[in-house]
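Undergrad: Protein sequence lines correspond, in order, to chains A and B. Quick note on my numbering: the first sequence kicks off at 1 and runs consecutively. Quick note on my numbering: the second sequence kicks off at 1 and runs consecutively.
Calculated from the structure, these hints are not laboratory results. Don't take every hint at face value.
As the list claims (entries may be wrong) - Partial list, derived from the structure: chain B residues whose beta carbon lies under 10 Å from chain A:
{"hint": "1", "residue": "Ser-7"}
{"hint": "2", "residue": "Leu-11"}
{"hint": "3", "residue": "Ser-24"}
{"hint": "4", "residue": "Ser-27"}
{"hint": "5", "residue": "Gly-28"}
{"hint": "6", "residue": "Asn-30"}
{"hint": "7", "residue": "Gly-40"}
{"hint": "8", "residue": "Gln-44"}
{"hint": "9", "residue": "Gln-48"}
{"hint": "10", "residue": "Tyr-50"}
{"hint": "11", "residue": "Pro-62"}
{"hint": "12", "residue": "Arg-63"}
{"hint": "13", "residue": "Ser-86"}
{"hint": "14", "residue": "Gln-102"}
{"hint": "15", "residue": "Pro-106"}
{"hint": "16", "residue": "Val-112"}
To be verified - Estimated spans, in silico, between C-beta atoms of each pair:
{"hint": "17", "chain 1": "B", "residue 1": "Pro-8", "chain 2": "A", "residue 2": "Ser-82", "range": "42 to 52 Å"}
{"hint": "18", "chain 1": "B", "residue 1": "Pro-70", "chain 2": "A", "residue 2": "Ser-97", "range": "42 to 52 Å"}
{"hint": "19", "chain 1": "B", "residue 1": "Pro-62", "chain 2": "A", "residue 2": "Asn-30", "range": "24 to 34 Å"}
{"hint": "20", "chain 1": "B", "residue 1": "Pro-8", "chain 2": "A", "residue 2": "Phe-12", "range": "14 to 24 Å"}
{"hint": "21", "chain 1": "A", "residue 1": "Lys-111", "chain 2": "B", "residue 2": "Glu-54", "range": "37 to 47 Å"}
{"hint": "22", "chain 1": "B", "residue 1": "Asn-79", "chain 2": "A", "residue 2": "Ile-67", "range": "39 to 49 Å"}
{"hint": "23", "chain 1": "B", "residue 1": "Asn-79", "chain 2": "A", "residue 2": "Ser-82", "range": "34 to 44 Å"}
{"hint": "24", "chain 1": "B", "residue 1": "Asn-59", "chain 2": "A", "residue 2": "Thr-68", "range": "34 to 44 Å"}
{"hint": "25", "chain 1": "B", "residue 1": "Gly-3", "chain 2": "A", "residue 2": "Ala-52", "range": "43 to 53 Å"}
{"hint": "26", "chain 1": "A", "residue 1": "Tyr-50", "chain 2": "B", "residue 2": "Arg-15", "range": "41 to 51 Å"}
{"hint": "27", "chain 1": "A", "residue 1": "Pro-8", "chain 2": "B", "residue 2": "Glu-52", "range": "34 to 44 Å"}
{"hint": "28", "chain 1": "A", "residue 1": "Gly-59", "chain 2": "B", "residue 2": "Leu-83", "range": "35 to 45 Å"}
{"hint": "29", "chain 1": "B", "residue 1": "Gly-16", "chain 2": "A", "residue 2": "Ile-80", "range": "44 to 54 Å"}
{"hint": "30", "chain 1": "B", "residue 1": "Gly-3", "chain 2": "A", "residue 2": "Pro-39", "range": "29 to 39 Å"}
What the hints assert, rightly or not - Selected chain A positions facing chain B (in silico; Cβ < 10 Å):
{"hint": "31", "residue": "Thr-31"}
{"hint": "32", "residue": "Ser-96"}
{"hint": "33", "residue": "Ser-97"}
As the structure is a computational prediction, the values presented were derived from the model and not from experiment. Using N, Cα and C, we set each Cβ at its ideal position, and we do this for glycine too.
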Amino acid sequence: GQQLNQSPQSMFIQEGEDVSMNCTSSSIFNTWLWYKQDPGEGPVLLIALYKAGELTSNGRLTAQFGITRKDSFLNISASIPSDVGIYFCAGRLLFSSGTYKYIFGTGTRLKVLA
Amino acid sequence: ETGVTQSPTHLIKTRGQQVTLRCSSQSGHNTVSWYQQALGQGPQFIFQYYREEENGRGNFPPRFSGLQFPNYSSELNVNALELDDSALYLCASSLGGIAETQYFGPGTRLLVL
């Protein structure tokens, strides 16, 4: 199935370091979402972006909607052990019929070393 | 806690059987989307229901079907199960509209033997 390209695929970082991950697509989206998923649970929404160029923060998390509408990035500052998990981006495709669907990225697996 | 619940939490079926998964959306949400998440992959969009009608569909065969009820809860039905149908099935509810965001349930893990 169709998935967005996320990078890096996985990363190990030291506690306190900043983290950056991004998501790219060949399609244009009108909404970008970032989710975190812990083992055995559903994804939890972190940040939603609705306009090209938009920069939004949620605590230590900052995300941006790319100007081309084909990419987005997520930054986590001063990482802590509970940041460990899988981070997914998702783009929403809106069709002229008024229907839409979400396409998810391949995920970035983050491990934080205390 | 997102207020979205799913049942059952786990399920084991054999190839060729049929399965029904259930989802109760967050209070006030009129839109439910279903996703399939294979191990190590991101969620794949199956379809979405808005006010009891299908409102969009991903690349899944017709043996994947759904229903949404007047209280906005939803079911996902899969007929003629195949081994590759083994996955975590997630539902997500939202209020609908351009600025809507969706909230996920914990998922149902289906194993097809």
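Undergrad: All hints, please: hold or fail.
TA: Hint by hint, here is what the structure shows:
no.	hint	in the structure
1	Ser-7	violated (14 Å)
2	Leu-11	violated (15 Å)
3	Ser-24	violated (13 Å)
4	Ser-27	violated (17 Å)
5	Gly-28	violated (16 Å)
6	Asn-30	violated (15 Å)
7	Gly-40	holds (8 Å)
8	Gln-44	holds (4 Å)
9	Gln-48	holds (7 Å)
10	Tyr-50	holds (9 Å)
11	Pro-62	violated (16 Å)
12	Arg-63	violated (16 Å)
13	Ser-86	violated (15 Å)
14	Gln-102	holds (7 Å)
15	Pro-106	holds (5 Å)
16	Val-112	violated (18 Å)
17	B:Pro-8 - A:Ser-82: 42 to 52 Å	violated (29 Å)
18	B:Pro-70 - A:Ser-97: 42 to 52 Å	violated (24 Å)
19	B:Pro-62 - A:Asn-30: 24 to 34 Å	holds (29 Å)
20	B:Pro-8 - A:Phe-12: 14 to 24 Å	violated (35 Å)
21	A:Lys-111 - B:Glu-54: 37 to 47 Å	holds (39 Å)
22	B:Asn-79 - A:Ile-67: 39 to 49 Å	holds (45 Å)
23	B:Asn-79 - A:Ser-82: 34 to 44 Å	holds (41 Å)
24	B:Asn-59 - A:Thr-68: 34 to 44 Å	violated (25 Å)
25	B:Gly-3 - A:Ala-52: 43 to 53 Å	violated (31 Å)
26	A:Tyr-50 - B:Arg-15: 41 to 51 Å	holds (43 Å)
27	A:Pro-8 - B:Glu-52: 34 to 44 Å	holds (42 Å)
28	A:Gly-59 - B:Leu-83: 35 to 45 Å	holds (42 Å)
29	B:Gly-16 - A:Ile-80: 44 to 54 Å	holds (47 Å)
30	B:Gly-3 - A:Pro-39: 29 to 39 Å	violated (21 Å)
31	Thr-31	holds (8 Å)
32	Ser-96	violated (12 Å)
33	Ser-97	holds (8 Å)
Hint check: violations occur at hints 1, 2, 3, 4, 5, 6, 11, 12, 13, 16, 17, 18, 20, 24, 25, 30 and 32; the rest are consistent with the structure.
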